[in-house]
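Asks: Sequence:
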Amino acid sequence: MWEVLYGKTVSYNQKLDMSQLCFLMCYHDLKPAVNKDAPQCYVNLMRKCWDKNSEKRSSVKDLCEIFEKWQNDENVLLELNESNSILENIQDSYYENMFKCGSKFINTREITENFSEKALVSKGIEFSIPDDS
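Under our numbering, the first residue of the sequence shown is numbered 0, with each subsequent residue one higher.
In case anyone wonders, no lab produced these hints; they're calculated from the structure.
Even glycine gets a Cβ: it sits at the ideal position worked out from N, Cα and C.
Warning: the hint list may mix true and false statements.
The calculated lysine-lysine pairs, modelled on DSS-like cross-linking and capped at a C-alpha distance of 27 Å, are [said to hold, decoys possible]:
{"no.": "1", "residue 1": "K60", "residue 2": "K47"}
{"no.": "2", "residue 1": "K35", "residue 2": "K51"}
{"no.": "3", "residue 1": "K68", "residue 2": "K51"}
{"no.": "4", "residue 1": "K47", "residue 2": "K30"}
{"no.": "5", "residue 1": "K68", "residue 2": "K55"}
{"no.": "6", "residue 1": "K55", "residue 2": "K35"}
Cβ pair distances, simulated, as ranges [what the hints assert, rightly or not]:
{"no.": "7", "residue 1": "Q70", "residue 2": "N34", "range": "19 to 27 Å"}
{"no.": "8", "residue 1": "S53", "residue 2": "E78", "range": "22 to 30 Å"}
{"no.": "9", "residue 1": "S57", "residue 2": "A32", "range": "19 to 27 Å"}
{"no.": "10", "residue 1": "R46", "residue 2": "Q19", "range": "19 to 27 Å"}
{"no.": "11", "residue 1": "L23", "residue 2": "K55", "range": "16 to 24 Å"}
Can you build the whole structure from these sequences, using the hints too?
Replies: Next up, the structure:
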């Protein structure tokens, strides 16, 4: 869905082959950056498709039904058209720069591990106080 939105492959500026990139995306929760001007309904659906839990992801049937509903919803069509106009006006240099700022992908696993319950609980420290008597 990211590739459809941006018209580029996820790996267009990566030095990894597609199998390495797929491995990193699947097992290290790496996700491509999403432009803030992308249509929110599309971004929400795309992120749902990225869910690590396959039960929470949309099926192909669900996607077809959603796209069919979008075709008949004037508000969604307006949002998609407005966003498309904005994205068409962004030059390729923007996409290249979008990935040059820090990491090329967002490592959500690393972020969530830093804020896990274990990380937020203080740990006991054992120490002994010398007897000065």
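Asks: If a hint holds in the structure, say so; if it does not, say that too.
Replies: How the hints compare with the structure:
Note on K60 and K47: the hinted pairing holds, with a Cα-Cα distance of about 14 Å set against a maximum of 27 Å. Between K35 and K51, the direct Cα distance comes to roughly 23 Å. Compliance with the 27 Å bound is thereby established for this hinted pair. For the hint pairing K68 with K51, the CA-to-CA distance comes to about 25 Å; that is within 27 Å, so the pair holds. The straight-line distance between the Cα atoms of K47 and K30 is roughly 12 Å, inside the 27 Å bound, and the hint therefore holds.
Of the supplied pair hints, the one linking K68 and K55 holds, its CA atoms being roughly 20 Å apart against a limit of 27 Å. A C-alpha spacing of about 24 Å is found between K55 and K35, which places the hinted pair at or below 27 Å, so the restraint holds. Separated by about 23 Å at the C-beta atoms, Q70 and N34 satisfy the suggested range of 19 to 27 Å. Range check, S53 to E78: Cβ separation about 28 Å, and the 22 to 30 Å hint holds.
Judged by the Cβ atoms, the range 19 to 27 Å given for S57 and A32 holds: they are separated by roughly 21 Å. For the hinted restraint 19 to 27 Å between R46 and Q19, the CB-CB distance of approximately 23 Å keeps it satisfied. The hinted range of 16 to 24 Å is satisfied by L23 and K55, whose Cβ atoms lie roughly 21 Å apart.
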